Amino acid sequence: WGGLVIDICRENGTLASFLKVFKESCRLAIDEKLDYMKPGLEACNAALEACCRQMESLTDAESVIELMAVMGVKPDESTFGFLAYLYARKGLKEKIKELESLMDGGSKRVLYSNLISGYAKVGDLDSVSDVVLQSLKGGDCSFCEETYCEVVKGFIESKSVKSLATLIIEAHKLEALSTEADKSVVFVIVNGCIDLGFSVKFILDEMDAQGGSGGIGVYVPILKAYCKENRTAEATQLVKEISSSGVQLDV
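One point on numbering: in my numbering, the residue at position 206 of the sequence shown is 228, and numbering is uninterrupted.
The set of hints was computed from the structure by calculation and includes no laboratory data. Being a predicted model, the structure only gives us computed values, none of them experimental. Hints may be right or wrong, so weigh each one.
Claimed, not checked - Label pairs and their in silico Cβ distance ranges:
#  : residue 1 : residue 2 : range
1  : K96       : E263      : 52 to 58 Å
2  : E168      : G127      : 46 to 52 Å
3  : E167      : E46       : 21 to 27 Å
4  : T81       : V27       : 21 to 27 Å
5  : D227      : V92       : 22 to 28 Å
6  : Y58       : Q156      : 39 to 45 Å
7  : E251      : D98       : 35 to 41 Å
8  : F224      : L124      : 38 to 44 Å
9  : K96       : D227      : 47 to 53 Å
10 : Y58       : T81       : 26 to 32 Å
Unchecked claim - Calculated pairs, PhoX-like style, for lysine-lysine (alpha carbon to alpha carbon, straight line, at most 20 Å):
#  : residue 1 : residue 2
11 : K112      : K96
12 : K119      : K55
13 : K112      : K159
14 : K60       : K45
15 : K184      : K195
16 : K143      : K175
Just so it is clear, CB atoms sit at the ideal spot from N, CA and C, and this is done for glycine as well.
Given the sequences, and given the hints that come with them, work out the whole structure.
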C-alpha cells in the first residue's frame, strides 16, 4: 500500500511526513494484528529514504530496519543503498563493512553509488576515489551520469584537480581493454567535467605532470566527450597535442 502517497511525498520533498504514517501503520499491524496495515517493501524503503536522505537520522533509520525485521520484510539493494548513504555521511566505516558483508554474491552497484554520493557530500574525496576504484575491481561500476557528476563536483569544489587526475589514471589502469570508450569511467568523469563547465585541459596537464596520461586509452574518451558537446576547437587542439606527444591516434 501507499504507492500514490509515497510518490506525492517524494515529489514534494516531504517523505519525512510519510514516516509518521508508516510508523502508525506498523503499530497497527504489529500491536492490533491488522495484517492489511502491514507496509510492503516499497513503503519500508520510502520510510528509510526519509530517514537517510532527508532527515539523516541514524536512530530513525535503525528503527525502520527493526520494524522491517519484526514484520518479516526482507531488504533489497535499495534498502542497503539508503543505509550506505547515511553511513557514508556519518563516517561509519564499520557499519559500511557490515552492509558489504550482507551483500556477498550480489551486485553492489546501488550500494557503491550511494556511498559515492554520501562521501562526496561531506568532502571525503579519498573515500570517493576508493569506492570508484573498488567498484571497477568488482565490475559494479555502471553508475548513472548523476553519480559521476557528484564525483567531479566534489573534487572541483575542493580544488583537488590533482586527486581527480590521479583517480582518472588509476581508473584507466583498472578498466578492461575491451571497454568501449563512451562507456568507460574515464569518459563519464571527463564528460561530467564538461557538463559542469570545468576545463579538462587542467586535468590533462595534471595527468601529464604525474607521468600517467594513460596514452590513447585516456585521450579517446576525452575526444569523444568534446565531440558529444560539439566543442570542436578543444577537440582540434587536443588532437594536435596528442600528435606532438608521439601517441598515434586512430579513431
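Hints, one by one, checked against the model:
1. One distance hint, 52 to 58 Å for the beta-carbon pair K96 and E263, holds here, with the actual separation near 54 Å.
2. E168 and G127 have their C-beta atoms about 27 Å apart, which leaves the hinted 46 to 52 Å range violated.
3. Checked against the given bound of 21 to 27 Å, the beta carbons of E167 and E46, roughly 39 Å apart, lie outside it.
4. Range check, T81 to V27: about 24 Å between beta-carbon atoms, so the 21 to 27 Å window is met.
5. Checked against the hint of 22 to 28 Å, the C-beta distance between D227 and V92 comes to roughly 57 Å, which is inconsistent with it.
6. About 43 Å separates the C-beta atoms of Y58 and Q156, a value consistent with the hinted range of 39 to 45 Å.
7. A hinted range of 35 to 41 Å holds for the C-beta pair E251 and D98, which are about 36 Å apart.
8. F224 and L124 have their C-beta atoms about 41 Å apart, which keeps the hinted 38 to 44 Å range intact.
9. Here the CB-CB span from K96 to D227 is close to 50 Å, well matched to the stated 47 to 53 Å.
10. For the pair Y58 and T81, the supplied restraint of 26 to 32 Å holds, since their beta-carbon distance comes to about 28 Å.
11. For a cut-off of 20 Å, the pair hint linking K112 to K96 is broken: about 24 Å separates their Cα positions.
12. Restraint check: the Cα-Cα separation between K119 and K55 comes to about 36 Å, which exceeds 20 Å; the hinted pair is violated.
13. Restraint check for K112 and K159: not satisfied, since their Cα atoms lie roughly 25 Å apart, outside the 20 Å limit.
14. In summary, the hint linking K60 to K45 is supported, as the alpha carbons are separated by about 10 Å, within the 20 Å threshold.
15. Of the supplied pair hints, the one linking K184 and K195 holds, its CA atoms being roughly 17 Å apart against a limit of 20 Å.
16. Distance check on the hinted pair: K143 and K175 sit about 10 Å apart at the alpha-carbon level, within 20 Å; holds.
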